[in-house]
Every structure is written in C-alpha cells, then in structure tokens.
Amino acid sequence: MAKSKYDFKFAREFAMKYTGKFAAVVNEKVIATGKNRLEVFRKAEKIAPPSAKIGVFYFPTKKDMLTAL
Amino acid sequence: MKIPYLEVEKGIFAPVVRLEIASPTRWIETEAYVDSGASYSIFKPEVADMLKIHFIKGHKILLTVGDGGLIPVYLHNLSVRFAGHEFNASVGFSDKLGVDFNLLGRASFFKKFIICFNDRANFLSATWLGK
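In order, the protein sequence lines correspond to chains A and B. Heads up: the first sequence begins at 21 in the numbering used here, then just goes up one per residue. Heads up: the second sequence begins at 3 in the numbering used here, then just goes up one per residue.
In short, the hints are calculated from the structure, not lab data. Don't take each hint at face value.
What the hints assert, rightly or not - Cut-off 30 Å, straight-line C-alpha distance, at most; resulting in silico cross-link-like pairs (DSBU-like, lysine-lysine): (1) A:K66 / B:K54; (2) B:K98 / A:K41; (3) A:K73 / B:K59; (4) A:K73 / A:K63.
As the list claims (entries may be wrong) - Cβ-to-Cβ under 8 Å is the rule here; a few derived chain B residues that face chain A: (5) A16; (6) D51; (7) L64; (8) I73; (9) V101; (10) D102; (11) W130.
Please read these numbers as outputs of a predicted model, since none were measured by experiment. Think of the CB as a built atom: it goes at the ideal place given N, C-alpha and C, for glycine as much as any other residue.
Okay, chain A solo, but in the shape it has when bound (with noise of 0.2 Å):
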C-alpha cells in the first residue's frame, strides 16, 4: 500500500475502530489489541517475524484529547 494512502487509513479507519484501546500493526496489518501497551507488545513479539517493525499505538478518546499539556 502506497505509504500516504496507509497514513490516511490509520488515521481513519485504525483511529475509529480502535478509539480507547492499544493496537500493535506489523506490515500495516492490526494483529493484537488489547488495554495495555505491554501486553499488546508481547502478543505481537510472538507473532512478528524477528527483525520486523512493530508498531504499538494507543488511539486516543475525545476526552484523552482535551488537554492542557
């Protein structure tokens, strides 16, 4: 996938669907989610092929964003 049309699909479609929760995305593909970024990690640890990146992202709510950092 070209990588804008993936920046555009996690910052939709992944931010949508997975609003509140920590998902881990190998190859541009979800493989765990869960409610906490270490375990999230260690599911996909498991799974991804040695050297691949990971990605552990959480996908804040309306609420998480209304800040005054």
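Once you have looked at the hints, place chain B on chain A.
Below, chain B without anything else, positioned relative to chain A:
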C-alpha cells in the same frame, strides 16, 4: 510531508503522528501527540520496556506540567525515524506522565523540521531542515 491528523471521534481530529525508535533488535513504532508547547518529547515507560531501555538510567531533568507541578523525565539519545527521515533525538521517558499517549515536543524535532498545524484541513506538515 503532510501527515493527516488522527480522527479520534467523528469529525474530531488531533495532531497525533507515528514515530519509529530503534531498539537493539528492531524498529519500534508508536504514536505521539505533537505538542509545540512541550520542551521535550516524553514517552510512556512501557515504550522504554519495548525498546529494552532501563529508562531511569537516562539524564534526569524536572519538567513543569500544566498544574504547575514538576515531573521527573529521563532523557536518552536514540535513533528515530520521523516524516521519512532518520536522525538522533533526545527522547524523554517518565512514569509520571498523566496521559495514556506519548508527547512529541520541541527538542531535537523542531530544529530539524518546520512543523505547521493545519486545523482547518486536519493535517500537519513537517518540512525537513536537515540534521
């Protein structure tokens, strides 16, 4: 490079980007809320665990947060990839960060990119200035 904002709820967007950080065995990618008001990037300690970093071994600084309090942040110099470029960046970790997401702040990033927020069109543009 144009990076679309994350749609957190129908019609509600936030400047959350993807960022890669090198671990000893692989690249780890995670999210970060781009916070131009933050002096440093601050990541959750779980990200340090994913990177196999003992985060409290970093250089300790104290940063003021929104309520006026101070939180300890431990800085590490790490290889990162952002907006199609790879470089070394000062990355902080803190177990006192009171939000579930990571923050991308000015140190290392805002000197390497011109970062522009477009809240009308819901994208962020990052223009590479060089190392």
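Outcome of the hint check:
1. Only pairs whose Cα atoms come within 30 Å are accepted, and K66 of chain A paired with K54 of chain B is accepted, the gap being roughly 16 Å.
2. Between the alpha carbons of K98 of chain B and K41 of chain A the distance comes to roughly 20 Å, so the proposed pair stays at or under 30 Å and holds.
3. About 25 Å separates the Cα atoms of K73 of chain A and K59 of chain B, which keeps this hinted pair within 30 Å; it holds.
4. Taken as a hint, the K73 of chain A and K63 of chain A pair is honoured in the structure, with Cα atoms around 14 Å apart against an allowance of 30 Å.
5. Using the Cβ-Cβ criterion of 8 Å, the hint placing A16 of chain B at the interface with chain A is satisfied: the shortest such distance is roughly 5 Å.
6. The criterion of a C-beta within 8 Å of any C-beta in chain A is met by D51 of chain B, whose closest approach is roughly 6 Å, and the hint holds.
7. Residue-level restraint check for L64 of chain B is violated (minimum Cβ-Cβ distance to chain A is 16 Å; threshold 8 Å).
8. About 11 Å separates the beta-carbon of I73 of chain B from the nearest beta-carbon of chain A, more than 8 Å, and the hint is not met.
9. Hint on V101 of chain B holds. Least Cβ distance to chain A is approximately 7 Å, under the 8 Å limit.
10. Given hint, D102 of chain B at the interface with chain A, holds; its Cβ is 5 Å from that chain's nearest Cβ, closer than 8 Å.
11. A least Cβ separation of about 15 Å between W130 of chain B and chain A goes past the 8 Å threshold, and the interface hint is therefore violated.
In terms of the numbered hints stated before, the structure departs from hints 7, 8, 11, listed from lowest to highest.
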